[in-house]
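Protein chains: 2
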Amino acid sequence: MYAFSRAVNSMHSEDIKQLMKQASGKNLISFAGGMPNNDLFPVDQIDDIYKSLPEDIKKLCFQYGPTSGYPPLIKSLESYLKEKGLPVGENRILITTGSLQAIAIITQEFVNEGDIILTENPSFVGALSVFETAGAEIHSIPIDKDGIDIKALKSKIASLDRKPKFLYVTPNYHNPAGIIYTPERKKQLLEVLSGTGIILLEDDAYSDLYFNEDEKHLTRSMKSFGVENVEIIYTGSFSKILGPGFRLGFMLSSEEIFEKAETVKQSMDACTSNFMQILANDFLAQHKLEPYLTFLRKEYLERKNLLQKHLKTHMPKEITWNEPKGGFYIWLKLPPHIKSTDIFKETVSKGVVFVTGRTFDPASKKDDRLRLSFSNMPKEHIEKGVIILSETIKRALQSSKISLS
Amino acid sequence: MYAFSRAVNSMHSEDIKQLMKQASGKNLISFAGGMPNNDLFPVDQIDDIYKSLPEDIKKLCFQYGPTSGYPPLIKSLESYLKEKGLPVGENRILITTGSLQAIAIITQEFVNEGDIILTENPSFVGALSVFETAGAEIHSIPIDKDGIDIKALKSKIASLDRKPKFLYVTPNYHNPAGIIYTPERKKQLLEVLSGTGIILLEDDAYSDLYFNEDEKHLTRSMKSFGVENVEIIYTGSFSKILGPGFRLGFMLSSEEIFEKAETVKQSMDACTSNFMQILANDFLAQHKLEPYLTFLRKEYLERKNLLQKHLKTHMPKEITWNEPKGGFYIWLKLPPHIKSTDIFKETVSKGVVFVTGRTFDPASKKDDRLRLSFSNMPKEHIEKGVIILSETIKRALQSSKISLS
Numbered sequence: 246m247y248a249f250s251r252a253v254n255s256m257h258s259e260d261i262k263q264l265m266k267q268a269s270g271k272n273l274i275s276f277a278g279g280m281p282n283n284d285l286f287p288v289d290q291i292d293d294i295y296k297s298l299p300e301d302i303k304k305l306c307f308q309y310g311p312t313s314g315y316p317p318l319i320k321s322l323e324s325y326l327k328e329k330g331l332p333v334g335e336n337r338i339l340i341t342t343g344s345l346q347a348i349a350i351i352t353q354e355f356v357n358e359g360d361i362i363l364t365e366n367p368s369f370v371g372a373l374s375v376f377e378t379a380g381a382e383i384h385s386i387p388i389d390k391d392g393i394d395i396k397a398l399k400s401k402i403a404s405l406d407r408k409p410k411f412l413y414v415t416p417n418y419h420n421p422a423g424i425i426y427t428p429e430r431k432k433q434l435l436e437v438l439s440g441t442g443i444i445l446l447e448d449d450a451y452s453d454l455y456f457n458e459d460e461k462h463l464t465r466s467m468k469s470f471g472v473e474n475v476e477i478i479y480t481g482s483f484s485k486i487l488g489p490g491f492r493l494g495f496m497l498s499s500e501e502i503f504e505k506a507e508t509v510k511q512s513m514d515a516c517t518s519n520f521m522q523i524l525a526n527d528f529l530a531q532h533k534l535e536p537y538l539t540f541l542r543k544e545y546l547e548r549k550n551l552l553q554k555h556l557k558t559h560m561p562k563e564i565t566w567n568e569p570k571g572g573f574y575i576w577l578k579l580p581p582h583i584k585s586t587d588i589f590k591e592t593v594s595k596g597v598v599f600v601t602g603r604t605f606d607p608a609s610k611k612d613d614r615l616r617l618s619f620s621n622m623p624k625e626h627i628e629k630g631v632i633i634l635s636e637t638i639k640r641a642l643q644s645s646k647i648s649l650s
Numbered sequence: 246m247y248a249f250s251r252a253v254n255s256m257h258s259e260d261i262k263q264l265m266k267q268a269s270g271k272n273l274i275s276f277a278g279g280m281p282n283n284d285l286f287p288v289d290q291i292d293d294i295y296k297s298l299p300e301d302i303k304k305l306c307f308q309y310g311p312t313s314g315y316p317p318l319i320k321s322l323e324s325y326l327k328e329k330g331l332p333v334g335e336n337r338i339l340i341t342t343g344s345l346q347a348i349a350i351i352t353q354e355f356v357n358e359g360d361i362i363l364t365e366n367p368s369f370v371g372a373l374s375v376f377e378t379a380g381a382e383i384h385s386i387p388i389d390k391d392g393i394d395i396k397a398l399k400s401k402i403a404s405l406d407r408k409p410k411f412l413y414v415t416p417n418y419h420n421p422a423g424i425i426y427t428p429e430r431k432k433q434l435l436e437v438l439s440g441t442g443i444i445l446l447e448d449d450a451y452s453d454l455y456f457n458e459d460e461k462h463l464t465r466s467m468k469s470f471g472v473e474n475v476e477i478i479y480t481g482s483f484s485k486i487l488g489p490g491f492r493l494g495f496m497l498s499s500e501e502i503f504e505k506a507e508t509v510k511q512s513m514d515a516c517t518s519n520f521m522q523i524l525a526n527d528f529l530a531q532h533k534l535e536p537y538l539t540f541l542r543k544e545y546l547e548r549k550n551l552l553q554k555h556l557k558t559h560m561p562k563e564i565t566w567n568e569p570k571g572g573f574y575i576w577l578k579l580p581p582h583i584k585s586t587d588i589f590k591e592t593v594s595k596g597v598v599f600v601t602g603r604t605f606d607p608a609s610k611k612d613d614r615l616r617l618s619f620s621n622m623p624k625e626h627i628e629k630g631v632i633i634l635s636e637t638i639k640r641a642l643q644s645s646k647i648s649l650s
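These protein sequences, in sequence, are chains X and C.
Positions 246 to 650 (this note's numbering) are the ones given, in order, by the first sequence.
Positions 246 to 650 (this note's numbering) are the ones given, in order, by the second sequence.
In isolation and in its complexed conformation, chain X is listed as follows:
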């Protein structure tokens, strides 16, 4: 029930936590967890790497490492990021204990209590919990199928009496919205930020998980656009391309931001596990990542296609969504008078869970969406889960029609 606990942790509402706990004994069909599939991890590849580690490197696994990261892994990441077009030369890499730690470090570096942070709405709950814990004032900007709402972003910035410390976005295969920003939208976003002094925090945990090779170019990160006048901190993660259990992430930033970040990291956990860094480094250095990603993309595409097919078959026409082109999530839109939390309360008693819309709203209110994750789902459960969910929504639609009539 580990996956579970995490899902529970990232929910805001106490009553939902209770429901999840009560249900946790049952054989749940879970669309909730935003984690990779247990059966898809590269266990054999890591076995091979572990077995062939030379004795002196094995000893190093057990020892402290430098705060900035295991130097060979930094080198491997330089190649990996260069390949993605990122400006590695003029920037520095800091290895972090998961990319959430990178977000926590940046928040500690820049944000004092009461400072403003801009986020998308919806936004990744892990980041929201970091910002909330730091006592930040979160202002959120809606997104549509092509990315952040540029008009809303401009007027938000204009309306504020203080400069926000940064704007946090996840442009590629958004969690929870499943969308990818169009290149045009990315450019517009940079234009809005240009010269404002608002840092862009670009969280890129999912960009390797596109479904179609032809669309790979769409994942190009804003930090690689070469725009001046916008300070961009780029974060990445091994959680989706190797395994969250490694707790490995990284950030790419200017030298100046890197140096302070290193000091903050030193006071958070001294350094990230050498053991995990050494295994991950060989995974990259021995070129095991690319074939593994090819395999992963096929597997997740298959699950997405199944979920998409069953949703089309069973969902009432009032329910809409954008078909994702990568990542883990489908973000269903309910009619405005139906709350995803109410749907959840029904489906959980029938053994189906997901994450409610308001979980991803910094204000914990907007609740007309629900996040279905297809990543950690046995394929044979998808249809049954969709049927139970669809029937619950249909009943809610009917009773709302009755009460409205």
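Among the hints, erroneous ones may be present.
Copies of the same chain are indistinguishable here, so a pair counts whether it falls within one copy or spans any two.
Unchecked claim - Here are the simulated EDC-like pairs of lysine to aspartate or glutamate, each with C-alpha atoms no more than 16 Å apart in a straight line:
no., residue 1, residue 2
1, Lys304, Asp289
2, Lys303, Asp289
3, Lys303, Asp293
4, Lys390, Glu328
5, Lys303, Asp292
6, Lys408, Asp606
Calculated from the structure, these hints are not laboratory results.
Here the structure of chain X is known, so what remains is to put chain C in place on it, guided by the hints.
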């Protein structure tokens, strides 16, 4: 040069960092690093554990875990701590990414900028850097060979206009002072804190590393004394009994403190590596720890004895120290007119490094001590290192006599 970087990181002074960097190419004799010995890690034991992990557990290694920790490891730690007499039943364990993270979590939970934290003087630099980063006002209390100076502690508390948030101590085999608190001193400390509302943060990273089985009882932790009216948070670490590369620590606290700490941890790195927790759990559950500790104690005792012997032979009589009964460190006392930083500048050019006294003073001033670590030292280097250090100190004594005369 990993060990090195950490030593560099924990030094305050820029000029010393420069010197260390310049020297890092040479074959240094390093008494500096406060880490276990590379050649003593239980590499074979962990190999065996890894190889015999069942497939489903291996998959779990790659996945997220609960924020509070991998449940079987929590169970194993319960037995381990019960064995030490700790009140496991009425308290909760939180697994952390190294025990430094536990200190960081507690600091974030209790300390706002400008709040007072009490520490020993000298004190563990890692903790000092956490407290400084949080913007705390650190007040330090001297220790002697039996523990914290009770009179000084009392008058410090009486002199403050605000209640300190906590007192941070490392009573067993102190880093850097090498001492162990007497049971009497532990009791007196608790009496002073009783009823004040000042939390005791008891850092117990070294208690398993006693040299003499007969003195094991002296390591009994204050949290196990059953004193009421003092809130005690106990922290422990796998860094000294398995390997710092695992980045595994834990804290034992009341339910109330645990719950907030879990939320803070969630916003720091979501959870600690399942991979590392699963390996560490089998190390405990398969009873591999006790035989390994028996081996370690013998090895470190041998190194301590060598260092003690050579210091006795070569050091001028003006230099004093307490022979440690466990842990990693000998804490040399220089005559007051000789600065450990000046000695360092000389020895580093001759290929010998240690950590200067003022590194461990929260005010970065008191500099009449130097820390020699014997833990990560090839035995055959000890004498040569001591001779170079002794001769440097002798020259400093002579020239100070000349300049005084």
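Checked hints:
In the homo-oligomer, the alpha carbons of lysine 304 and aspartate 289 lie at most 16 Å apart only across protomers (10 Å), although the nearest pairing inside one protomer, at 22 Å, exceeds that limit. For a Cα distance limit of 16 Å, the shortest separation of lysine 303 from aspartate 289 across copies, 10 Å, qualifies, whereas the shortest one inside one copy, 18 Å, does not. In this homomeric assembly, lysine 303 and aspartate 293 come within 16 Å of each other (Cα to Cα) both inside a single copy, at 14 Å, and across copies, at 13 Å. Taking the shortest alpha-carbon separations for lysine 390 and glutamate 328, neither the intra-copy value of 27 Å nor the inter-copy value of 58 Å comes in at or below 16 Å.
Taking the closest pair of Cα atoms, lysine 303 and aspartate 292 come within 16 Å of each other both inside a single copy (14 Å) and across two copies (10 Å). Taking the shortest Cα distances, lysine 408 and aspartate 606 never come within 16 Å of each other, neither inside one copy (22 Å) nor across copies (38 Å).
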